[in-house]
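Enquirer: So you can see what is in the structure, the chains are spelled out below.
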Amino acid sequence: MDTISKEIRENILRISHHSGHGHIPTCFSIIEILRSVYETMDHDPKNPDWVERDIFILSKGHGALGLYCVLAHYGYFSVSEVYSFGSFGSRFGCHADRFKIPGIELSTGSLGHGIGVAVGIALGFKLSQSSRRIFVLIGDGESNEGTVWEAAMVAANLGLSNLTVLFDHNCSQSRCLPINQAVDKFSAFGFDVQTVDGHDLVPLKKALQSVPDGKPRLINAQTIKGKGCPTLVEEVFAWHRRSPNGEELITLLGELHATAI
Amino acid sequence: MRRQFKDTVLKLAEKDDKLVLLFGDISVYLFNEFKEKFPERLLNLGICENTLISMAGGMSSVGFFPVVHTITPFVTERSYEQVKLDLCYNRLGATIVTCGGSFDYAWDGATHHCYTDLELMRLLPGMEVMQPGSKKEFDVLFSRSYNNGLPSYLRIAADEHGLDLPVEFGKGVVIKETPGAKVSVLTAGPLLGNVHKGCADLPVNLIYFHTLKPLDLQLLSRFVDTKFVVIHDAFGLFEALTAACAVKAEYHGLPDEFCCYYGTLEEIRKQLGLDPAGIHTRIQDAL
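Chains A and B are the protein sequences, given in the same order. Per the working numbering, the very first residue in the first sequence carries number -13; after that it's consecutive. Per the working numbering, the very first residue in the second sequence carries number 62; after that it's consecutive.
Derived by calculation from the structure, the hints in this document are not laboratory data. All figures in this text were calculated on a predicted structure; none of them were measured in a lab. Each residue gets a CB set at the ideal place from its N, CA and C atoms; glycine is no exception. Treat the hints with care, since some could be wrong.
[To be verified] Each pair of labels, with its calculated beta carbon distance range: (1) A:Gly176 with B:Thr325: 20 to 30 Å; (2) B:Pro275 with A:His243: 24 to 34 Å; (3) B:Glu142 with A:Gln195: 31 to 41 Å; (4) A:Ser116 with B:Lys67: 24 to 34 Å; (5) B:Pro316 with A:Ser70: 30 to 40 Å; (6) A:Gly61 with B:Gly107: 55 to 65 Å; (7) A:Ser117 with B:Lys331: 52 to 62 Å; (8) A:Asn33 with B:Glu142: 45 to 55 Å.
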């Protein structure tokens, strides 16, 4: 884990402690996925409405705090603003509002919506003969929703090769409805599937830079909920939606910075 | 009216290359001419209503005017959250055009009856809701709404009310005004035909709406001193009226139970007291 990923995670911990909000383990699961997307796709933090930009949608909207901290890192706004997270009057809600925050393309929160919207965007780009691309991050838990598979069928049937689905495979539903053989399932649905270490920027970016051949693409990012803090990993369900108190913050920051770079 | 849908979108698509049809495996043969002329702009995506709506939101966000078309209950009741979030909350324009509202598929039974659609759509912020009762009304209302950047809902009916009325979005029409009337009858959509017959010899006012949201409150304000009787084979009009203002109002339409009959639209309406004779009796009771 490099210093940037640690810095982003530290911001998440401190903001969650300050605000009392946030899904920390899921945020820690997606940091490198988000970084790889924002370091690959065409976008301009100084001109977020640039008409030729690629589009990213965080479909698992409860990871919003992670996305805010990543967007702040790439210059969309100052991270100090995010400390208002979840408070009345803040523009940084626990689920993001596209009308309030630059870089947010779709207001999400209810699971299973982002991929369908992304398929529509991909179709729009295709009909417009545009070279723009659409990236959507979904969770394996989110994929309990039938809408994910509806949209996947349609995307494959339409041959939407401009669509990349990033699959945060952190085994979040292992206690109730795990998605077994996710790779085989998406392959069977007609996706070009690549499996990578979801915490390693090199294979993530390599997968994103590859050119799919007439199919939508799924990047199966194998991740760990709470990655970076052993306490969060070991007690993942207890920490699903919990903010650290002062003592716990010190412990978690210590664990984070003790992780080898 | 479904043929009018075809004619209207064909006419509009000639001049507007952003109009795209997303079909849920219905009306496909009727639109053969559209498909031949604009093969990329009619997509029969299959039986996946939730995805139809989400995709419409996505297409709208990149500059298209998507029109989603399928059977009423499946795209309104089943896909309600997609309409709520992917269209309304995200303020993405799309037009939903359904067929099979109320008892237009009478013979298919309660799984295919749908009388909640208008009310469900009305409850969503930003949504425009229309129930045209004639081909002319469909043509005018759709043409005006499909590209205005807002989510819109229109229901295609199997029958028509048979009257030639002025059509302006958001405006009700006074069909009959009786001096000194104590009762004003309100209705919407093709049921107007039966209501018109049912109150022909009664001393009432008759007011018609093809637009349920926004409801023409300015027109209604002329009649607030009368008792309103809403006669409607759906929910939506009565709720719109009573939510907007404190008035004396009664509803005649759906009971609080499933309609477990088959048969024809006319037979179901008669069973519910929504044929001209049943309507006449109900208005007499109100008088």
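Enquirer: So, for every hint listed, does it hold in this structure?
Expert: Going down the list of hints, with the structure as the test:
1. A beta carbon spacing of about 43 Å between Gly176 of chain A and Thr325 of chain B contradicts the range 20 to 30 Å that was offered as a hint.
2. A hinted range of 24 to 34 Å for the beta carbons of Pro275 of chain B and His243 of chain A is inconsistent with their spacing of about 58 Å.
3. In this structure the supplied range 31 to 41 Å holds for Glu142 of chain B paired with Gln195 of chain A, their Cβ-Cβ distance being about 35 Å.
4. The given range of 24 to 34 Å is respected by Ser116 of chain A and Lys67 of chain B, whose C-beta atoms sit roughly 29 Å from each other.
5. Here the CB-CB span from Pro316 of chain B to Ser70 of chain A is close to 51 Å, at odds with the stated 30 to 40 Å.
6. For the hinted restraint 55 to 65 Å between Gly61 of chain A and Gly107 of chain B, the CB-CB distance of approximately 42 Å leaves it violated.
7. At about 60 Å, the CB distance of Ser117 of chain A to Lys331 of chain B agrees with the hint of 52 to 62 Å.
8. Asn33 of chain A and Glu142 of chain B have their C-beta atoms about 33 Å apart, which leaves the hinted 45 to 55 Å range violated.
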